[in-house]
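**Q** One letter stands for each residue in the lines below.
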Amino acid sequence: MISFNHVTKSFGEKITAIDDVDFTVEEGKIVVLLGPSGCGKTTLLRMVNQLESITKGEIVINGENSKDLDPIELRRKIGYVIQSNGLFPNMTIEENVMLVPDLLGWNKKKKRERFEYLMKLIGLDPKDYGKRYPHELSGGQQQRIGVVRALAADPPVMLMDEPFGALDPIIRDKIQEEFLQIQREVKKTILFVSHDIDEAIKMADKIVLLRDGKIMQFDTPSEMLAHPKNEFVSQFFGKDRAIKSLSLHTVENLREVIGLGPVDESIQDTKTIHIHQDLRNTLSMLLNQEADQVIVKDEQDENIGTITIDLVQKYLHFEIKGKMSASQEG
Amino acid sequence: MEKWARFLEVNSSRILELTIDHAILVSLAIFVALLIGIPLGIYLTTNQYLADTVLQIASITLTIPSIALFGVMIPIFSLINQGIGFVPAFVALVLYSQLPIIRNTYTGIKNVNPEMRDAAIGMGMKTRQRLLRVEIPNALPVIMAGVRTAVVMNIGIAVIAAYIGAGGLGVLITQGISRNDNYLIISGSIAVAILAIIADAILLLIQKRFTKKAIAE
Chain A
6 MISFNHVTKS FGEKITAIDD VDFTVEEGKI VVLLGPSGCG KTTLLRMVNQ
56 LESITKGEIV INGENSKDLD PIELRRKIGY VIQSNGLFPN MTIEENVMLV
106 PDLLGWNKKK KRERFEYLMK LIGLDPKDYG KRYPHELSGG QQQRIGVVRA
156 LAADPPVMLM DEPFGALDPI IRDKIQEEFL QIQREVKKTI LFVSHDIDEA
206 IKMADKIVLL RDGKIMQFDT PSEMLAHPKN EFVSQFFGKD RAIKSLSLHT
256 VENLREVIGL GPVDESIQDT KTIHIHQDLR NTLSMLLNQE ADQVIVKDEQ
306 DENIGTITID LVQKYLHFEI KGKMSASQEG
Chain B
370 MEKWARFLEV NSSRILELTI DHAILVSLAI FVALLIGIPL GIYLTTNQYL
420 ADTVLQIASI TLTIPSIALF GVMIPIFSLI NQGIGFVPAF VALVLYSQLP
470 IIRNTYTGIK NVNPEMRDAA IGMGMKTRQR LLRVEIPNAL PVIMAGVRTA
520 VVMNIGIAVI AAYIGAGGLG VLITQGISRN DNYLIISGSI AVAILAIIAD
570 AILLLIQKRF TKKAIAE
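Going down the list, the sequences are from chains A and B.
Under the working numbering, the letters of the first sequence match residues 6 to 335, in that order.
Under the working numbering, the letters of the second sequence match residues 370 to 586, in that order.
Keep in mind that the hints are not guaranteed to be accurate.
[To be verified] With a Cα cut of at most 27 Å, we get these calculated DSSO-like pairs of lysine-lysine:
id: 1; chain 1: B; residue 1: Lys495; chain 2: A; residue 2: Lys113
id: 2; chain 1: A; residue 1: Lys249; chain 2: A; residue 2: Lys207
id: 3; chain 1: A; residue 1: Lys34; chain 2: A; residue 2: Lys113
id: 4; chain 1: A; residue 1: Lys34; chain 2: A; residue 2: Lys211
id: 5; chain 1: B; residue 1: Lys495; chain 2: A; residue 2: Lys136
id: 6; chain 1: A; residue 1: Lys179; chain 2: A; residue 2: Lys193
id: 7; chain 1: B; residue 1: Lys495; chain 2: A; residue 2: Lys114
id: 8; chain 1: A; residue 1: Lys116; chain 2: A; residue 2: Lys192
id: 9; chain 1: A; residue 1: Lys249; chain 2: A; residue 2: Lys276
id: 10; chain 1: A; residue 1: Lys193; chain 2: B; residue 2: Lys495
id: 11; chain 1: A; residue 1: Lys219; chain 2: A; residue 2: Lys193
id: 12; chain 1: A; residue 1: Lys82; chain 2: B; residue 2: Lys577
id: 13; chain 1: A; residue 1: Lys192; chain 2: A; residue 2: Lys125
id: 14; chain 1: A; residue 1: Lys72; chain 2: A; residue 2: Lys179
id: 15; chain 1: A; residue 1: Lys276; chain 2: A; residue 2: Lys34
id: 16; chain 1: A; residue 1: Lys116; chain 2: A; residue 2: Lys136
id: 17; chain 1: A; residue 1: Lys136; chain 2: A; residue 2: Lys34
id: 18; chain 1: A; residue 1: Lys61; chain 2: A; residue 2: Lys219
id: 19; chain 1: A; residue 1: Lys207; chain 2: A; residue 2: Lys219
id: 20; chain 1: B; residue 1: Lys479; chain 2: B; residue 2: Lys372
id: 21; chain 1: A; residue 1: Lys179; chain 2: A; residue 2: Lys302
id: 22; chain 1: A; residue 1: Lys116; chain 2: B; residue 2: Lys495
id: 23; chain 1: A; residue 1: Lys193; chain 2: A; residue 2: Lys114
id: 24; chain 1: B; residue 1: Lys495; chain 2: A; residue 2: Lys72
id: 25; chain 1: A; residue 1: Lys136; chain 2: B; residue 2: Lys577
id: 26; chain 1: B; residue 1: Lys577; chain 2: A; residue 2: Lys115
id: 27; chain 1: A; residue 1: Lys234; chain 2: A; residue 2: Lys207
[Claimed, not checked] Far from chain A, by Cβ distances over 10 Å, these chain B residues were calculated:
id: 28; residue: Ile405
id: 29; residue: Thr476
id: 30; residue: Ala488
Hints in this document: simulated from the structure, not taken from any laboratory.
What you are looking at is a predicted structure, and each value in this text was computed from that prediction instead of being measured.
We put the CB at the ideal spot given by N, CA and C, even for glycine.
Modelling step: build the complete structure from the supplied sequences, incorporating the hints.
**A** Below you can see the structure in the form of C-alpha cells.
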C-alpha cells in the first residue's frame with residue numbers, strides 16, 4: 006500500500022509542482038497517474054523512491070514513512086520501470102534482470118531459478134535469451150525485460166513511468182494485456198504513469214487525474230467516464246468518452262444485460278469473438294468487417310450467440326449513457 | 370638502396386635500443402597519467418565548477434610548445450639535481466597526456482545516457498556500484514579514445530625530449546640534423562611512426578577486448 010498524505014513539492018516560494026496531493030494505492034491494485042504533460046505525474050512517481058524530494062506531507066509505503074527509510078534500501082524494495090526501459094547495454098539480459106537480486110546478495114542458485122521463472126512469465130526462453138545483450142532484442146522484448154527486471158527481487162511495490170509509451174500501438178496493446186495477466190498472478194501494488202487515456206482506462210483500478218500538480222479527480226475509470234467531477238475532467242476524456250468507456254465492458258456484460266442475438270447457421274465466414282473481449286474492440290471489429298454480426302464464443306469455444314452493432318448501441322444506451330445523463334441531471 | 374642496407378647493418382641494434390627507450394619513457398608517462406587522469410576525470414563528473422577549471426588548465430598545458438615546456442622543466446628539476454634527462458621529460462609527458470585522458474573520461478561518463486543513470490539510481494545502486502557497473506563500462510570506448518590520443522601524441526612529443534637528454538628516438542633525429550645526415554633523420558622518423566602505429570593498434574585491440582560488443586556498435 007502506498008499512501009500520499011497531503012504531499013506538496015515546491016521550488017522556492019512561487020512554483021508548486023505538486024500541490025497537496027492525497028490518495029492511496031490499495032494493496033495489489035494499479036493506480037494510474039494520468040494528465041497532460043507537465044502536470045507533475047512523473048515527479049509524483051519519483052517522490053516515492055526518493056528520486057525527488059518532498060517539501061511537505063509524507064508518503065507512507067506499507068506502513069513506513071518513506072522519509073525514515075534509507076533511500077538505497079527503499080529503492081531495492083521497489084520495482085522501477087521507465088519508458089526507454091533503461092536496460093544496461095553492457096550487461097546480458099540475465100545480468101540486467103538479476104541486477105537487484107545481485108545487489109541484495111542472493112546466491113547463484115536462487116538467482117538462476119528466479120530468472121527462469123521470470124522469463125517464463127513473459128514467454129521468452131531463459132536459455133536462449135539469457136546470454137544475449139539488450140540491443141539484440143526487439144523493442145517489445147526489451148520492454149518486457151524491463152518489466153521483469155523490476156519484478157526480479159519480488160518487490161511488493163512497483164513504479165512504472167510510461168513503461169509502454171515508446172512502443173507501437175499493436176505491440177503496446179499486446180504487452181498491456183500480458184502485463185495485466187502477470188499482475189493477476191503477482192498482485193503488486195502499482196503506481197503507473199501514463200498520458201494515454203485508453204491505456205489508463207485499460208490498466209487502472211483507479212485513476213488519479215492531475216492538472217498543474219493538483220488532483221482533479223481520483224476515481225475508478227468507469228466512474229470518471231460516467232461522472233466527471235468538473236469541466237477539466239470531462240474535457241480531458243473528450244466527447245467520445247462514451248465510446249472509450251466501452252472498453253470497460255465485455256461481451257459478457259452485454260449478454261447479462263440485454264442478451265445476445267441467435268446464431269444464424271446459414272451465414273458463413275463470420276468472424277468470431279471471445280466472450281471476455283471488451284466491447285470497444287468488438288465494435289471496431291463490427292465496423293471493420295462487412296458482415297453485420299460476429300459470433301460469440303465462450304470459454305469452451307462453443308458458439309453461444311451473435312453480436313451486432315445494434316446490440317452494442319442498445320447496450321451503450323442502457324448502461325453507459327443512462328448513467329451519464331443521470332449524473333448530469335444530478 | 371645499398372647505402373641503406375649498409376646503414377642499417379651498422380645502426381639497427383642502436384635504433385632498436387633507442388626505440389625501446391622511447392617506448393619505456395612513453396609507457397611510464399602514460400601509466401602515471403592514467404593513475405592521475407582517470408580518477409580525476411571521474412571525480413570531476415560530480416563537481417561541475419572544478420571540472421570547468423581543471424579542463425581549462427589542462428587545455429592551456431597542451432598549448433605550451435613542447436620545447437618550451439621541456440625548457441621550463443630544466444631550472445625546476447635542477448633544484449633536485451635532475452635538470453636534464455629522464456625525469457623532466459617524464460613529467461612533461463605526464464602533463465601533456467592529462468587533457469585527453471581527463472577530458473575523455475569526464476565527457477565519456479557525463480554522456481552516459483541519463484535514463485540509464487536514472488534506472489541505475491532508481492534500482493538502488495550506490496554511487497560506486499553505478500560507476501563501476503554502468504557508467505565506466507559504457508564510457509569505455511570514449512575513455513580509451515582519449516588514452517590512444519595521449520599515447521600517439523606522447524610518442525611524437527618524446528622525440529623533442531632528446532634535446533634535454535632524455536634519450537629515445539629523438540637522439541637519431543637531432544644527431545641527424547646537426548650532422549646533416551639524412552639516414553639518421555629518416556630512420557629515426559620512420560621508427561617513431563612505426564612505434565606510434567603499433568602502439569595505437571595494440572590499444573585498439575585492448576579496447577575491443579574489454580568493451581562489450583553491444584557498446585562498441
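**Q** So, for every hint listed, does it hold in this structure?
**A** Against the structure, the hints:
| no. | hint | result |
| --- | --- | --- |
| 1 | Lys495/B - Lys113/A | 21 Å, holds |
| 2 | Lys249/A - Lys207/A | 10 Å, holds |
| 3 | Lys34/A - Lys113/A | 32 Å, violated |
| 4 | Lys34/A - Lys211/A | 8 Å, holds |
| 5 | Lys495/B - Lys136/A | 25 Å, holds |
| 6 | Lys179/A - Lys193/A | 20 Å, holds |
| 7 | Lys495/B - Lys114/A | 25 Å, holds |
| 8 | Lys116/A - Lys192/A | 21 Å, holds |
| 9 | Lys249/A - Lys276/A | 23 Å, holds |
| 10 | Lys193/A - Lys495/B | 25 Å, holds |
| 11 | Lys219/A - Lys193/A | 26 Å, holds |
| 12 | Lys82/A - Lys577/B | 36 Å, violated |
| 13 | Lys192/A - Lys125/A | 17 Å, holds |
| 14 | Lys72/A - Lys179/A | 37 Å, violated |
| 15 | Lys276/A - Lys34/A | 34 Å, violated |
| 16 | Lys116/A - Lys136/A | 14 Å, holds |
| 17 | Lys136/A - Lys34/A | 34 Å, violated |
| 18 | Lys61/A - Lys219/A | 14 Å, holds |
| 19 | Lys207/A - Lys219/A | 23 Å, holds |
| 20 | Lys479/B - Lys372/B | 55 Å, violated |
| 21 | Lys179/A - Lys302/A | 21 Å, holds |
| 22 | Lys116/A - Lys495/B | 21 Å, holds |
| 23 | Lys193/A - Lys114/A | 24 Å, holds |
| 24 | Lys495/B - Lys72/A | 18 Å, holds |
| 25 | Lys136/A - Lys577/B | 19 Å, holds |
| 26 | Lys577/B - Lys115/A | 33 Å, violated |
| 27 | Lys234/A - Lys207/A | 20 Å, holds |
| 28 | Ile405 | 25 Å, holds |
| 29 | Thr476 | 18 Å, holds |
| 30 | Ala488 | 3 Å, violated |
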